Amino acid sequence: MASGIRDKVAILGMGCSKFGERWDAEPSDLMAEAFEECIADSGIERSQIDAAWLSTAFDSVNVGPSALPLATSLRLGYIPVTHVENMCASGTEAFRGACYAVASGAADFALALGVEKLKDTGYGGLPARSRGVTNDLFAPNVSAPGAFAQLAAGYRGAHGIDRDDLKRAMAHVSVKSHANGARNPKAHLRREISHEQAIDAPMVAEPIGLFDCCGVSDGAACAIVTTPEIAMTLGKTNVVTVKALQLSVSNGEEIGFNSWNGAHFKTTRIAAQRAYEEAGIDDPRKEISATEVHDCFSITELVTMEDLGLADEGQAWKAVLDGRYDADGEMPCQIDGGLKCFGHPIGASGLRMLYEIYLQFHGRAEERQIDSMRYGLTHNLGGHPVQNVCSVAIVGHYDG
Amino acid sequence: MPGITAYGAYLPRRRLQRSAIAAANTWFDASLRGLARGERTMCSWDEDTVTMAVEAARDMGPAAPVQALFLASTTHPFAVRQNAGIVAEALNLGSDLRTMDVAGSLRASTTALMSALDAAAAGSQAIVVAADRRRARAGSPMEMLSGDGAAALRVGSEGEIATLLASATVAADFIDHFRASGDAYDYAWEDRWIRDEGWLKLVPQAVARALAKAGIEPSDVDRLIVPCHLRRVPESVAKVCGIPADAVADPLMSTVGQCGAAQPLLMLAAELASATPGQTIVVTGFGQGCDALVFRVTDAVGAARPKRGVAGWLERRVEETNYSKFLTYCGVVEREYGKRAELDRSPALTAQYRNREGVTGFVGGRCERCGTVQYPKAIYCVNPNCGAKDTQEPHPMADVPATVKTFTADHLVFSMDPPAYLGLVEFEGGGRTMVEFTEVDPESFDVGTRASMRFRIKHVDERRGMRQYFWKAAPD
Chain A
1 MASGIRDKVA
11 ILGMGCSKFG
21 ERWDAEPSDL
31 MAEAFEECIA
41 DSGIERSQID
51 AAWLSTAFDS
61 VNVGPSALPL
71 ATSLRLGYIP
81 VTHVENMCAS
91 GTEAFRGACY
101 AVASGAADFA
111 LALGVEKLKD
121 TGYGGLPARS
131 RGVTNDLFAP
141 NVSAPGAFAQ
151 LAAGYRGAHG
161 IDRDDLKRAM
171 AHVSVKSHAN
181 GARNPKAHLR
191 REISHEQAID
201 APMVAEPIGL
211 FDCCGVSDGA
221 ACAIVTTPEI
231 AMTLGKTNVV
241 TVKALQLSVS
251 NGEEIGFNSW
261 NGAHFKTTRI
271 AAQRAYEEAG
281 IDDPRKEISA
291 TEVHDCFSIT
301 ELVTMEDLGL
311 ADEGQAWKAV
321 LDGRYDADGE
331 MPCQIDGGLK
341 CFGHPIGASG
351 LRMLYEIYLQ
361 FHGRAEERQI
371 DSMRYGLTHN
381 LGGHPVQNVC
391 SVAIVGHYDG
Chain B
1 MPGITAYGAY
11 LPRRRLQRSA
21 IAAANTWFDA
31 SLRGLARGER
41 TMCSWDEDTV
51 TMAVEAARDM
61 GPAAPVQALF
71 LASTTHPFAV
81 RQNAGIVAEA
91 LNLGSDLRTM
101 DVAGSLRAST
111 TALMSALDAA
121 AAGSQAIVVA
131 ADRRRARAGS
141 PMEMLSGDGA
151 AALRVGSEGE
161 IATLLASATV
171 AADFIDHFRA
181 SGDAYDYAWE
191 DRWIRDEGWL
201 KLVPQAVARA
211 LAKAGIEPSD
221 VDRLIVPCHL
231 RRVPESVAKV
241 CGIPADAVAD
251 PLMSTVGQCG
261 AAQPLLMLAA
271 ELASATPGQT
281 IVVTGFGQGC
291 DALVFRVTDA
301 VGAARPKRGV
311 AGWLERRVEE
321 TNYSKFLTYC
331 GVVEREYGKR
341 AELDRSPALT
351 AQYRNREGVT
361 GFVGGRCERC
371 GTVQYPKAIY
381 CVNPNCGAKD
391 TQEPHPMADV
401 PATVKTFTAD
411 HLVFSMDPPA
421 YLGLVEFEGG
431 GRTMVEFTEV
441 DPESFDVGTR
451 ASMRFRIKHV
461 DERRGMRQYF
471 WKAAPD
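Residue numbers (this note's numbering), protein chains in the order written: chain A, 1 to 400; chain B, 1 to 476.
One chain only, chain A, in its complex shape (with noise of 0.2 Å):
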């Protein structure tokens, strides 16, 4: 048995640009933008880097191919720098690339940048793109709302779930990231919305409405990691590790074998239990303070509580009515505004995620500050709910 991540690496800083809208800027300006204040957060110089680490998703619209475009950016010194894609998971695979290498001894320094510039298409929404030549052959043509609608339909059918209670309990996470978002000043979408707001909109795909749908964003997030005892060379004294990473990849089985129920995602369910046994929680109910989900629509959000085991299977829609999930409840959800209202930048998504968690651990998140952190959840959807790739990270304080 492999001994896993747990304590091995700490984040040593981070940067989060602006999310938004950013006519003015070009992806090269975003990564700078996250990176001077992770680099001033680390306290390190930019020359003692040793790799990194550079996530997107839509090259076409974005930097373009290869590691190239963070090297030259942020004028790098000649180190080895590795360009990944995993869709929306893509931040978190940057950033388990450089955790690895600093667990492996590769490295002292390792950078993970994620960047993702999607306002440059001319159109709302995601660009429209092939998905290669032979799945362009086979594969519906599909929004990213009209992909995850399915779950609706499919949560809605297999626990009986009335049309109207779904749509409330998905307007109610809309609601609630909108109030968060609106204290965040980094965030995308700043404005309350009402219920009634949110139950009314237009609609994308059906049960999916306007406010059901995340903000399409440009901006760029960062970490620099390295090991808890340089860390603690450094004069760290509140030291921030990695518990747990995981990644899990649909095989193929939800959308070819007639055995999923289209109403969960099988990938978060293996990656969450296995992030759990790698970071030693018994009850994650009890032991996590607060998640940042991938909330690219209201229904992935509720559904990924049963599937992160912080809800009961089919009962999610009543804890979201509750306010399980909202600012003053037991376990906080997307507390920065979440996708929904920090935004979307794709490749940066994964690592806006953790950004907010390290803020938490450090009291450094305003009046967005929950009281006592023990672990923080993060947690990356890239794909379709038929076919996707997860990836889970926890963090906390260091214990060693």
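No lab work stands behind these hints: they were computed from the structure.
This structure is a prediction, so every number in the text was calculated from the model and none was measured.
Be a bit skeptical, because a hint or two may be false.
[What the hints assert, rightly or not] Partial pick of chain B residues on the chain A-facing surface, computed with a CB cut under 7 Å:
#1 Ser115
#2 Lys239
#3 Lys339
#4 Arg340
#5 Leu343
#6 Ala351
#7 Asn355
#8 Val359
#9 Gln374
#10 Asn383
#11 Leu412
#12 Met416
#13 Gly423
#14 Met434
#15 Val447
[Said to hold, decoys possible] Some residues of chain A that are not near chain B, with every Cβ distance over 12 Å (derived):
#16 Gly4
#17 Asp7
#18 Arg129
#19 Gln150
#20 His195
#21 Thr233
#22 Leu234
#23 Glu253
#24 Glu278
#25 Gly280
#26 Gln315
#27 Ala327
#28 His362
#29 Ser372
The beta carbon of each residue, even a glycine, is placed where N, CA and C say it ideally should be.
With chain A's structure known, arrange chain B on it following the hints.
Structure of chain B alone, referenced to chain A:
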């Protein structure tokens, strides 16, 4: 004896109301008001000659081995890339058969049928399928009078339901209408001349020749098929031929319209559904002359019923009154489709060829080890308890009933028929896949709805003139 052994038809579900055409066009041509009765069949954006031909052939029921497939049409989507070959692959007929496009005249279908019957006399079995999606200028009589549709016949020399007694052709370069290669629209001469010199002279000549060869008196003909869009002309043809007036078959003008080369076979398919043993049927095909075929209905006629047939497809209808949508689907209007439609996408022909059995034939795999059905066919079995390698036998799934597992109506993604319905379907006996849905009625569509697979256009690449076909699920 050579004859017809099975028959089928296909009519698109949408029925454009001719009153809607008139409402939009009589400001310019008041005479259209006189044609504005009834309805015509209308292809959706994802249907064409090839897709309709596939559905008509499938309507004949369980497949039987054939040695040839002829596709007759005046609107083959491809000028180069054999259209009949696409139909044959969609029907999973294998590679050991002769495939041929027959074109150039509205009697392409009857000529193809005569050739197939010649082959049947020599011991072959063949499918003759005819389909047309005719393009007409906005506000033209042809737009009013045309329909979209397809019909299919299987011919052979055993178990025939209608035996060929004789056939004859009168060949004549009679230019009632024409279209130059590369042009979009037909150009027609005056109806009165077409009627007097064409229908009322060339057709009776051909019928007389065929009946003489068959040794049958005109008065003994039970059904006469004259695929003419001009009112009362079929009756006049019967009179000139000496065939009883009550033998004249319904030209389907009030419910379908004139479906080009498909019309003679479509009318024949309609007649065979109600034919009784011993009846004599004369089929004519008109275009630069005339073909005439004389058939005798056999005792087996009741045993070869199509799945739906003309009557079944006629029942399955939805009224369309949106003339603007019709023009858009005909490609007559330059519509603003939005930036999402700009994605430049054309199939990689290498990948298309490698995957053609799965894409065109909708053939999945069935694991010999565990019996799991999966689509598409894969190297390793998808069953988590199996996972065996190279164990999958080809498993045709186009005719397997499906059930809707999840779905949505996607308003964001580009679609020619928004919102785009798509979702997960499960197949009876195993297998599931994500599909696009077509012909959805929002009121009755839900999880659990029963559906059937249909061969449709997936994507049209206007830039290169390529159209990509694939299967979609339609609610039953």
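Could you work out which of the previously given hints the structure breaks and list their numbers from low to high? Failing hints, ascending: 1, 2, 12, 18, 19, 23.
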